[in-house]
Amino acid sequence: MRNLRLACGVAAALLASACAATGTTTSPTAAAQQSAAPGYLALADQSLPSGGTLNLQVHIDSGAATGYDPQLADVATTWQLLSLSYETLVTVGPDFSVQPLLAEKWDTPSPTEYVFHLRKGVRFANGREMTADDVVGSLKRLLASKSVWRGQLGPVKSVTADGDGEVKVTLSEPYTPFLTALANVPAAVLPMKEIDDKSVDPATTLLGTGPYVVENHRQDVSWAFKRNDQYWNKGKPAADALNITIAPEEAARIAALQNGSAALATLGNVDSATMLAGAGNVQVGTQATTDFYYLMLNSLKPGSKLADPKVRQAIAIALDNQQIADVALGGQGKPTAITPAGLPGACDPAALPSAAKSVDDAKALLAEAGAQDLSFTLTIFSTEPAPAVAQVIQQNLQQAGITVKIEQMDEASWSGKVYGKAPADFDAALSWFAGYADPGMVTKWWNPETAGFNVGFMKPDKELNTLIDAAGKEPAGPSRDQALTAVCAKADADAQMIPLVTRPATVAFRTDALSPSLYATEGYGNVLRLVADARVKKTQ
Amino acid sequence: MRRLDRLSIGGLVTLLVLVVFALGSLIGAGGDPDAIVGPRLQPPGSGWWLGTDNLGRPVLPRVMEGVGTTLLLSSVAVLVTAALSATFGIVAGYRGGYLNELVMRLVEVLYSFPAIVLAILVAAVLGPGQTAALASIVLVTIPLMTRLVRAAAVAVSQRDYVTSAVISGARLPRVLVRHVLPNVAGTIAVQGTYALSVGIAVEGGLSFLGFGVQPPQASLGVLIQQGGTYMIAAPWLILGPGVVLVAAILAINVVGDGLRDRLEPRETRTLT
Chain A
1 MRNLRLACGV
11 AAALLASACA
21 ATGTTTSPTA
31 AAQQSAAPGY
41 LALADQSLPS
51 GGTLNLQVHI
61 DSGAATGYDP
71 QLADVATTWQ
81 LLSLSYETLV
91 TVGPDFSVQP
101 LLAEKWDTPS
111 PTEYVFHLRK
121 GVRFANGREM
131 TADDVVGSLK
141 RLLASKSVWR
151 GQLGPVKSVT
161 ADGDGEVKVT
171 LSEPYTPFLT
181 ALANVPAAVL
191 PMKEIDDKSV
201 DPATTLLGTG
211 PYVVENHRQD
221 VSWAFKRNDQ
231 YWNKGKPAAD
241 ALNITIAPEE
251 AARIAALQNG
261 SAALATLGNV
271 DSATMLAGAG
281 NVQVGTQATT
291 DFYYLMLNSL
301 KPGSKLADPK
311 VRQAIAIALD
321 NQQIADVALG
331 GQGKPTAITP
341 AGLPGACDPA
351 ALPSAAKSVD
361 DAKALLAEAG
371 AQDLSFTLTI
381 FSTEPAPAVA
391 QVIQQNLQQA
401 GITVKIEQMD
411 EASWSGKVYG
421 KAPADFDAAL
431 SWFAGYADPG
441 MVTKWWNPET
451 AGFNVGFMKP
461 DKELNTLIDA
471 AGKEPAGPSR
481 DQALTAVCAK
491 ADADAQMIPL
501 VTRPATVAFR
511 TDALSPSLYA
521 TEGYGNVLRL
531 VADARVKKTQ
Chain B
1 MRRLDRLSIG
11 GLVTLLVLVV
21 FALGSLIGAG
31 GDPDAIVGPR
41 LQPPGSGWWL
51 GTDNLGRPVL
61 PRVMEGVGTT
71 LLLSSVAVLV
81 TAALSATFGI
91 VAGYRGGYLN
101 ELVMRLVEVL
111 YSFPAIVLAI
121 LVAAVLGPGQ
131 TAALASIVLV
141 TIPLMTRLVR
151 AAAVAVSQRD
161 YVTSAVISGA
171 RLPRVLVRHV
181 LPNVAGTIAV
191 QGTYALSVGI
201 AVEGGLSFLG
211 FGVQPPQASL
221 GVLIQQGGTY
231 MIAAPWLILG
241 PGVVLVAAIL
251 AINVVGDGLR
261 DRLEPRETRT
271 LT
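Taken in sequence, the protein lines are chains A and B.
For the first sequence, position 313 (counting from the first letter as 1) is numbered 313 according to full-length UniProt numbering, and the numbering increases by one without interruption.
For the second sequence, position 169 (counting from the first letter as 1) is numbered 169 according to full-length UniProt numbering, and the numbering increases by one without interruption.
Worth flagging that the hints you see were computed from the coordinates, not collected in a lab.
Note that the structure is predicted; figures quoted are calculated from it, not measured.
Take these hints with a grain of salt, some might be off.
[To be verified] Calculated Cβ distances over 12 angstroms to all of chain B for the following chain A residues:
#1 T160
#2 A161
#3 G345
[Unchecked claim] Covered stretches of chain A (in silico footprint by chain B; criterion: 3 or more residues with CB under 8 angstroms from a CB of chain B, positions within the stretch not fixed):
#4 40-49
#5 104-110
#6 119-125
#7 323-336
All residues carry an ideal CB built from backbone N, CA and C; glycine is no exception.
Starting from the given sequences, assemble the full structure and let the hints guide the process.
Below, the structure written as structure tokens:
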């Protein structure tokens with residue numbers, strides 16, 4: 001009898017653990033996605049008092065390997081966390097427009113000259129006032145570094161200070177995405193005086209002009225921030241303290257929202273809104289981001305059939321991006337080309353050469369390449385919805401006779417396998433790019449000599465690189481749209497990295513604990529962009 | 001030797017039904033478990049008897065595949081565990097001395113690791129997949145079974161019939177196989193059923209972390225983890241695999257009890 005009880009206990013525990021994953025406390029006062037001001041998912045109620053502690057949960061910590069140096073940060077999840085302490089000259093608004101931040105305005109005397117007028121009264125968290133030398137030093141340091149972001153700044157010829165209030169950047173040729181490239185954390189203004197005299201090491205210490213100062217960080221566990229009393233934007237941040245828990249399991253974040261231990265959490269499951277529909281006081285919103293999933297095909301692996309462009313094109317043709325968007329992302333994503341769908345001037349994915357072809361064309365290409373029996377392993381990370389995307393890819397390619405074996409691992413192991421050595425030891429891998437705020441920016445990652453991180457699995461394509469550079473020079477308008485269309489078509493034919501679908505960003509918060517501001521769109525993977533505006537209703 | 005009681009026979013029948021259910025998946029009964037056949041998250045209906053999952057795949061064939069995967073994986077792992085534990089436990093318990101100390105210390109080292117940490121370590125070395133899951137289940141379940149077998153062997157080795165066999169000139173292998181093993185078999189059988197339960201849980205945890213069964217292959221652990229996520233929005237996702245899991249573990253345990261009663265006639269225990 002004891003064993004029968006044990007059996008029942010084990011079975012009940014297993015089921016109970018599954019139940020606990022989503023929590024069981026629900027109320028009929030479901031808060032559906034509500035409309036806020038245009039361009040916003042939510043707008044903080046400024047009539048609420050400031051103060052309090054804001055408890056957040058996100059799925060992943062910053063990359064430990066690159067330390068805290070914002071210039072070396074190479075993934076969007078790190079940018080998001082560092083953006084709480086660091087700021088840039090410019091930022092982006094809800095419509096992807098470039099807006100002032102540490103530069104209160106700028107002039108463009110010619111297509112190759114930018115003069116930034118620095119905001120007065122900006123101080124680093126140590127109390128020292130930011131100067132033009134900090135801005136110049138930061139940009140020069142970035143340009144001289146091994147940062148991935150260096151390539152996004154374009155052909156910078158010189159950076160000079162004009163007194164304490166102005167900084168002039170001169171380009172060697174026009175580069176349209178320059179301002180949007182400055183809007184990301186790697187281009188943040190650093191305390192160069194302290195860095196130069198070695199009293200601060202940015203790899204180990206966060207010292208910026210941003211709204212929060214780090215009190216404590218336990219890698220992969222938590223961050224504790226407190227308000228930066230030196231912050232230039234009076235009245236912000238609204239919350240006195242910010243506690244961020246790293247909770248890799250989606251179910252844990254959902255449970256934290258339900259039991260109130262988190263006031264806001266980022267979610268990966270595309271059905272989060274449905275799953276939280278019965279949870280009282282929880283509002284779920286989905287940002288339409290320019291981020292997108294893409295498939296990497298390793299053309300450098302010795303003996304791999306994926307080195308043959310025909311094979312890669314066949315794979316691109318066989319993929320049904322609309323089905324990936326509808327099934328794996330529950331209709332919340334949309335097919336994209338190399339230029340992120342949703343940005344002005346982006347290519348129409350339906351107009352790509354591969355989109356006009358059929359599965360039979362894919363089979364014919366495979367036959368021409370002698371790869372009718374093609375099979376390969378697709379390496380993915382286990383964070384949702386990547387496994388779902390991979391499984392739809394598997395089904396798509398099966399239609400063309402391609403066998404895909406999925407290899408799933410945690411993000412750290414995945415990163416090591418994909419980027420750890422050159423040539424890389426994988427066949428194919430799934431990942432996502434932040435799409436930024438200019439359609440030409442992310443195309444630069446298709447040049448491995450600029451990107452660096454993909455040099456282990458991607459051959460440079462001279463023609464494609466020339467087209468990417470040409471599109472960067474074109475001013476926004478029809479001529480640039482045409483140039484980007486050429487980039488899209490060439491990248492589609494190259495097919496070493498195949499754009500798939502845009503990646504929605506879901507965020508949920510407790511309406512009884514928090515009144516946050518959230519853009520309806522986001523280009524840099526930064527759900528916490530407006531966290532300094534958030535008003536805490538009650539501290540959990 | 002007693003015959004199996006009715007409860008045990010019921011458990012055996014349940015297990016046989018589950019095995020047939022799993023074999024049905026091999027011949028395609030119920031449909032392709034990986035095919036996207038309908039809208040996402042549809043409740044049970046005429047086109048999909050147990051509903052569809054978050055990718056529009058039918059749940060029924062996935063449960064069938066999951067039963068087969070989990071039973072096969074856990075059974076093989078537990079058989080390996082049983083063989084290793086019986087060998088080490090009996091030898092350590094019967095011989096004692098340094099051999100006993102060595103086996104017990106090794107077991108304690110394994111015991112000191114939390115199950116899922118040990119499983120992740122194994123998976124990191126072997127790479128994700130069924131082999132890692134199998135090895136992990138073995139390493140997680142072997143310490144407890146070895147200790148129990150060893151304890152039983154210590155008790156049995158002091159019994160008169162074992163002493164008689166030694167005095168009558170029986171050699172060590174014969175003593176262990178003919179006199180000790182049959183009398184600890186009940187312990188192995190019962191502990192095996194518990195190990196099977198643990199194996200299913202470990203498999204589920206590993207698969208959830210991405211180290212175990214790889215998608216799109218289904219296992220009960222994977223299906224229950226997925227169903228747990230959708231418990232409120234789509235309860236049918238956990239209902240099928242959950243019922244099957246409960247049935248499997250109950251059946252395994254009552255069969256284990258029945259086997260123990262049959263294999264250990266000196267200690268009368270019945271499930272009432």
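- Item | Enumerated hints in conflict with the structure, sorted upward | Checked against the structure, the hints that fail are numbers 4, 5 and 6, while the rest are satisfied.
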